[in-house]
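> So the chains spell out like this:
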Amino acid sequence: MSREYMVQLPPWLHWGIYVFALLPTVLVFGWLMTRRVQRSGTTWGELGRGLTEAFQRNPKTVTRRVVGDVFGQVTVRRDRLGALLHLLIFGSFGLLVVGTALVAVEQDFTRLVFGWRFLTGGLYAVFEAVLDTATLTLIAGVLVGMWRRYRLRPAHLGGRTSVHVVYGALGWLALSGLLLEAGRLLAVPVEHGGWSYAGNGLAALLDPVVGDHAVGFYQVFWAAHAISAFVFLALIPLLMLDHIVVLPLTLAIQADREPGRLTTPFDLPAIVEAEGDLEGISAGVANPVDHPWQRRFMLDACIDCGRCEAVCPAHAAGRPLSPRQVVQALGADLRTSIAAGAPPEADVFARGVVTEDIAWSCLTCGACARECPALVDQPGSLVELRRHLVEGGQVPERQAGVLEAVERNQNPLGLPSYQRTDWMTGLDVPTLAENPQPEYLYWIGCMAAYDQRARSVAQAMVKILKHAGVSFAVLGEEEVCCGEAQRKLGDEAGFQMRAMENIALFAGYEIVKVLTHCPHCLATLTKDYPEFGAKIEVVHHSVLLAELLASGKVPAVGGAGSAAEVGTLTFHDPCNLGRLGGVLDPPRAVCQAAAGPRFVEIGQSKDTSFCCGAGGGNYFYKVPEERSVSSLRLAQASATGADTVAVACPFCLGMLEDAARSASDSPLRIADLAELVASGLPEEKPPEEE
Amino acid sequence: MRILVCVKHVPDTTEVRFDPATQELRVRQAPTKINNYDENAMEAAVVLRQALKAEVVVGCVGPSEAAKTVKEAVAMGADRGVLVTGPWVGELDAAGTASVIAGLARSEGPFDLVLAGDVSEDGYHSLVPGLVATALSVPFVRGVSALDSDSGGDLVSVERQVDGAVESYSVTLPAVLSVSTALNTPRTVTKLQVMKVPMSKVATRSAADVGVDEARLTPDAAATRLVGVRPAATPRSNEVVTGEPDDVVAQIIARLEQAGVLA
Ligand code: SF4
Ligand code: SF4
Numbered sequence: 001m002s003r004e005y006m007v008q009l010p011p012w013l014h015w016g017i018y019v020f021a022l023l024p025t026v027l028v029f030g031w032l033m034t035r036r037v038q039r040s041g042t043t044w045g046e047l048g049r050g051l052t053e054a055f056q057r058n059p060k061t062v063t064r065r066v067v068g069d070v071f072g073q074v075t076v077r078r079d080r081l082g083a084l085l086h087l088l089i090f091g092s093f094g095l096l097v098v099g100t101a102l103v104a105v106e107q108d109f110t111r112l113v114f115g116w117r118f119l120t121g122g123l124y125a126v127f128e129a130v131l132d133t134a135t136l137t138l139i140a141g142v143l144v145g146m147w148r149r150y151r152l153r154p155a156h157l158g159g160r161t162s163v164h165v166v167y168g169a170l171g172w173l174a175l176s177g178l179l180l181e182a183g184r185l186l187a188v189p190v191e192h193g194g195w196s197y198a199g200n201g202l203a204a205l206l207d208p209v210v211g212d213h214a215v216g217f218y219q220v221f222w223a224a225h226a227i228s229a230f231v232f233l234a235l236i237p238l239l240m241l242d243h244i245v246v247l248p249l250t251l252a253i254q255a256d257r258e259p260g261r262l263t264t265p266f267d268l269p270a271i272v273e274a275e276g277d278l279e280g281i282s283a284g285v286a287n288p289v290d291h292p293w294q295r296r297f298m299l300d301a302c303i304d305c306g307r308c309e310a311v312c313p314a315h316a317a318g319r320p321l322s323p324r325q326v327v328q329a330l331g332a333d334l335r336t337s338i339a340a341g342a343p344p345e346a347d348v349f350a351r352g353v354v355t356e357d358i359a360w361s362c363l364t365c366g367a368c369a370r371e372c373p374a375l376v377d378q379p380g381s382l383v384e385l386r387r388h389l390v391e392g393g394q395v396p397e398r399q400a401g402v403l404e405a406v407e408r409n410q411n412p413l414g415l416p417s418y419q420r421t422d423w424m425t426g427l428d429v430p431t432l433a434e435n436p437q438p439e440y441l442y443w444i445g446c447m448a449a450y451d452q453r454a455r456s457v458a459q460a461m462v463k464i465l466k467h468a469g470v471s472f473a474v475l476g477e478e479e480v481c482c483g484e485a486q487r488k489l490g491d492e493a494g495f496q497m498r499a500m501e502n503i504a505l506f507a508g509y510e511i512v513k514v515l516t517h518c519p520h521c522l523a524t525l526t527k528d529y530p531e532f533g534a535k536i537e538v539v540h541h542s543v544l545l546a547e548l549l550a551s552g553k554v555p556a557v558g559g560a561g562s563a564a565e566v567g568t569l570t571f572h573d574p575c576n577l578g579r580l581g582g583v584l585d586p587p588r589a590v591c592q593a594a595a596g597p598r599f600v601e602i603g604q605s606k607d608t609s610f611c612c613g614a615g616g617g618n619y620f621y622k623v624p625e626e627r628s629v630s631s632l633r634l635a636q637a638s639a640t641g642a643d644t645v646a647v648a649c650p651f652c653l654g655m656l657e658d659a660a661r662s663a664s665d666s667p668l669r670i671a672d673l674a675e676l677v678a679s680g681l682p683e684e685k686p687p688e689e690e
Numbered sequence: 001m002r003i004l005v006c007v008k009h010v011p012d013t014t015e016v017r018f019d020p021a022t023q024e025l026r027v028r029q030a031p032t033k034i035n036n037y038d039e040n041a042m043e044a045a046v047v048l049r050q051a052l053k054a055e056v057v058v059g060c061v062g063p064s065e066a067a068k069t070v071k072e073a074v075a076m077g078a079d080r081g082v083l084v085t086g087p088w089v090g091e092l093d094a095a096g097t098a099s100v101i102a103g104l105a106r107s108e109g110p111f112d113l114v115l116a117g118d119v120s121e122d123g124y125h126s127l128v129p130g131l132v133a134t135a136l137s138v139p140f141v142r143g144v145s146a147l148d149s150d151s152g153g154d155l156v157s158v159e160r161q162v163d164g165a166v167e168s169y170s171v172t173l174p175a176v177l178s179v180s181t182a183l184n185t186p187r188t189v190t191k192l193q194v195m196k197v198p199m200s201k202v203a204t205r206s207a208a209d210v211g212v213d214e215a216r217l218t219p220d221a222a223a224t225r226l227v228g229v230r231p232a233a234t235p236r237s238n239e240v241v242t243g244e245p246d247d248v249v250a251q252i253i254a255r256l257e258q259a260g261v262l263a
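Same order as they appear, the protein sequences are chains G and B. Take 1 as the starting number for the first sequence in my numbering and just add one per residue. Take 1 as the starting number for the second sequence in my numbering and just add one per residue.
In the SDA-like style, the derived pairs of lysine to any residue whose C-alpha atoms are separated by at most 20 angstroms in a straight line are:
hint, chain 1, residue 1, chain 2, residue 2
1, G, 466, G, 439
2, B, 68, G, 269
3, B, 196, G, 278
4, B, 196, G, 274
5, B, 201, G, 277
6, B, 196, G, 269
7, B, 196, G, 281
8, B, 196, G, 266
9, B, 196, G, 404
10, B, 196, G, 273
Hint data in this document are derived by calculation from the structure and do not stem from the laboratory. Bear in mind the structure is a predicted one, so any value in this text is a computation, not a measurement.
Required output: the full structure, derived from the provided sequences and hints.
Here it is in structure tokens:
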């Protein structure tokens, strides 16, 4: 049993198909793809070097990312319906292309050269059945896609016009493929035809209609199918299917980009150290064409799928930001600039490509980047725009006030630096002077030092650390802002100088391990500082709390009526801790210890968590919005029926508590993990009574 | 056009603390910065510089650390800066400061326009700009809330807001103007912009360099001297109102009406 190959067709087609169809297709495809790559100002040479460098840097990560995302559809899978249609089309189309290629290889290569045919017998039967199934699932995929796009019409779906062409073409290719198969089975009936069940069924239906014209019918559809297939393949670079080539490339080049990590445009500490020239250095970009080629290629890789927009909390709150639209606008502007051959005179703001409000709307929560199948760095691109605004002195008053406060008062809240230690009055907190070699340097952060509500987090932690006998010390008056707000608001140089000073401070005290309850400080110290030479290990308090609970050094919260107080508990993942920091389980272990079976998850949790509204410096300023981000998050939390929302970040604490206060009907209590754990501690006794 | 902008290096008022134990203002350890009000004068000068290709020089009388304030001001967009310093800076009163600034204006000058902020955050005297004008024998307007250079002639039009009225003046140059915060919104300068100002753009001069005799700047030569600071006791009547919010609001309104605060 084997394929009757090219029956009833002129014999010259055996070679003619290669010369007149395959070769031109490959040439046209190559030419169009080159133009596709060049439209973002990128060359194959750069791409080749980028790929080599990526593989040399981090072979495992790159391979895992590309294989996982291309064959495992890891990122695409996160959007249910999108995943279904994509898997159907990708899988079926892939099988059909491979199947067709196998027939060609067998007939025109192994058979001719070695006289060997492998698509025979049982294997051939399965092969036929699989390909027929793939044709049907391809049709199903197209139908699901069309149903989603034309009937459901989710608001986030972008609209590259070529999508319509692609659906039409795929549908036609599947259909014409079935028709030609039916025609072949009618023209040259075979015994094993039943394995090609779809074609066979169609043949039975068509038999009365086609009658004596089976051969002609077959020839017509063979030609139509072959011609459209080759034309379609050749034109792929013009369609949204260009992503078949573009996405794996951009994935590979950027695979080892750490989530939430911003670009570092210069190394100011190093330049200052070397007394180098500062004249030429600058941060931020005025126009997308000013980006290095990797980022240009990245912006141009966006397929307008809208997955980012669907999860963006700023967009949900009715702010003027849609990450999809920003990336699309920057990409389009980039292509125009490249086509024009000269950079635009005015920047993107002056030319109305994006607005300043858009740039300030981003919470740098990273939800968009987590969903993006093209690995676009949307928050990074928005911070680049902020850097440009800051460099030009175009900073709104509130943001400027924050930047000034960090420089002058050493904290973004603008409170006097000498009040930094007010929170520890009367608590007998050891400073480094008193305990010069602690296991942990407890880094308090500006929120707990200055914010009246957040203070209690640090106070609770001190109580817990003392109870558990953990060796720790604080910097006290010597602690200053870590610079997170500066970096996220775009003051790159201010941030770098601050990082340099703090790193020197750590080194001076020979600090190796830092404990912090603030995920913003955590992210800054672990993601940003190492670039400037920090050699410290940073532990979030949720991790230490989980350890202390597990080892029994602090009691679970259940004692002395505290469980009743917690009630049903849910947990809000801070973006910087969960999605961007990868710390997901320890806070849950703490919640379990506090509420046991009465711990429930919010629908959008772990790496799909929804920002509290404070990220990216947004705690300190306002942008136009229809609803507050924090009220949206509070609603998601209260939908769980919880009595208490546990948080693990002083900013989340402030935002959600504010939202709970303004939603007058919300009885939700907001508490930090440390506060929950501290509430389970016995009342403090003087040491001699213990 | 040539413009001199006077900036003052002051303790950061948000960082000055009153120590209740010693009854002292802890000014000395407080971090220092550029006087906020002078930033409005700088902004006005930078706008004129862009519009008229004016030359802008920053002038400052202060301790040697004040070089960072001069740098910050130059970073806003001036051509260069001059810091006049010496062992005497801590002892100056307003008249002494004005005499040094006038010397600076003469030695670096001539200037068509001398700009300064209306007040300094640490002294709140509002004396120096007027005294500089007197020393230079040129006209002076304070509280400037609008400034128009009339495209660079030898007149400027200014407005100032006083008690609900807006006065318009035409002022013959050269002149001294002190500006109010209503004049403009000063641009923000980033750390990087400040760092990019080369030290060669900030010159340091002694009193003698600007033609002032140091002997006239001693505490004994000063006409006024600060001899003490104590907190001013403000009598307050604290009342606590309790109850339901609606009730509390009504009570507070009633009290305020009683006190004659609300008509
Ligand atoms: S940026 Fe990414 S997620 Fe957003 S529309 Fe483009 S490809 Fe989709
Ligand atoms: S980082 Fe968050 S707020 Fe910013 S664009 Fe992405 S999803 Fe929206």
